[in-house]
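Novice: Okay, here's what each chain looks like letter by letter:
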Amino acid sequence: MSMNSRLTQLENEPAFHPLVLVVVPVLALILQGYVPHLFPHFGLLDLPLLVVIYFAITLRGPITGTLAGMVIGLVQDAQTGHPIGVNGMAKSIVGYAAASIGIRIDVENNISRMLLAAVFTLGNSLLIYIIERRLLGFDTRWLWLHEAMRIVVNALVAVVFFWLLDRLKRKG
Amino acid sequence: MESFFSRYKGLLVLGIVLLAQLIALATQIHRPTVAPVADARSDGHHVRIVRLAVAVVVTPVERLLTGIGHGTRNLWHNYISLRGVRQHNHDLQGEVDRMRLEQMSLMADARQGQRLQKLLGFRQQYIYKTVVAQVIGTSGSDQSRVILIDKGANDGLKVDMPVITPDGIVGKVREVFPNSAQVLQINDQTAGAGVVLETTRIRGILRGNSAGQLQVIDLLPDDRIKPGERVLTSGGDQVYPRGLAVGDVQSIALDKLHPPYIALTLKPAANLSQLEEVLVITETSAALALSEATGSDAELHSAADTAASALPTVETPESATPGTPAAAPVQVRPGQALHPDRFTPGTVPPAAAMRPGEAQPAATQEQH
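Respectively, the protein sequence lines represent chains L and V. So the first sequence is numbered by my numbering: it starts at 1 and just counts up by one. So the second sequence is numbered by my numbering: it starts at 1001 and just counts up by one.
Every clue listed holds true.
Anything over 10 Å on all C-beta distances counts as not near chain L; from chain V, calculated:
| # | residue |
| --- | --- |
| 1 | Thr1130 |
| 2 | Gly1152 |
| 3 | Pro1166 |
| 4 | Leu1220 |
| 5 | Ile1252 |
Facing chain V, from chain L, some residues (calculated, C-beta under 7 Å):
| # | residue |
| --- | --- |
| 6 | Gln32 |
| 7 | His37 |
| 8 | Gly81 |
| 9 | Ile84 |
Hints listed in this document are in silico derivations from the structure and should not be mistaken for laboratory results. From the three backbone atoms N, C-alpha and C, an ideal C-beta is built for every residue, glycine too.
Turn these sequences into a full structure, and let the hints steer you where they fit.
Specialist: Have a look at this one:
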């Protein structure tokens, strides 16, 4: 299959209603802020990150992925006490990378989705660690056990979460 | 040239986005040294607008979710799950009665302590006015310990106001919006406070770490510091009033980043991971509220008497009130001896009546 025909096929693939592209990230951000208040361990899960990964690999546009990552990351930063831009930068890179990979591999498979979620969770944490430690001079420490738990939780939830988001797709 | 831009437009957009955010970060970490301390802590105007915009969107939804959650919980607790409430109520009434008595005793001690501090020239800050606020959200990140409360500038909240629970300190107000505010918890890695160890009176700096633990740093090794010791606010940071509970020492370890010093890890007094309601201290006073601080003479006298009765005293004629006859000193006499000897009072004549070489009276000789 030539590159042009592949791109044409991608353009005709199911997309989302514009409302979905707004409501889902907003809901994810609100839930991410509200639920840890009731269940502190929910903080291990990064729903906005999963939204970035999902839209990036589904829409398959590096620019879309970058911008989605930036906006969601900045809103997340605004809810924290840290300088605005830490999550924005990390999620911009994750969005770009996820979209670039989404063009090349089968992202409908649950195993590949789980692996992608795991890899990008680790990547996101690494980027935040580097930005905070090297750029901002924070005394941030790398906690292996904590990060391992984050990776596992995000990877497992991603399968269910992505499946739920698949239901919101519309045929083009 | 055109093909270069179209070929790498994704990468170029990423580069521009990253550069813009990098510049934004750089402007935020710049702190003006000439500005007042409170201004230096707060964000710049442009950053504040971003946080305000997010708060305006997020706060109503989180407030609604909290309301629904509380409504459901109240419905269950107030109307459905009422088994054993009567007995529980009876027990609580007993507890309230006991605590009232305890409170009266503590108030007497507090007033006495205040008088003594006044005498010693201390100036202590007392919590004067608080605002009760409900926690409606968090930062959602385990890297940042920030909570969102449902009170804001319209309720009199300002940046840097301390936030507490009855158990201990929680943090301070970081950002204030019209109807909500962000509170930076004391276990966030950017937070800090001045603390003092309760028994040893060693002062230190409290800070959070990236794992969300509380640590007291910059302490020299000291054998007197033991796990379990209570840590209180020292008041030296000009944010938290002194004497509020911070936590208990959990472990003592060498500070790996600053080898000669040790770092204490604390167990927070307040349950920082699951906060429901908090108190924001909006005003502090140099004295207790007038109604509490100035008791009646009878109460003050009672407090003094309570303290006096607990201490050993010596009655002297000078201590009696002028104008009233001094009470006769009570003469204590020993009881009668069962087996009198020459040391028993009354068995030996006074020295003035004795002469050198003269025989002793018969009663004395019989004892020998």
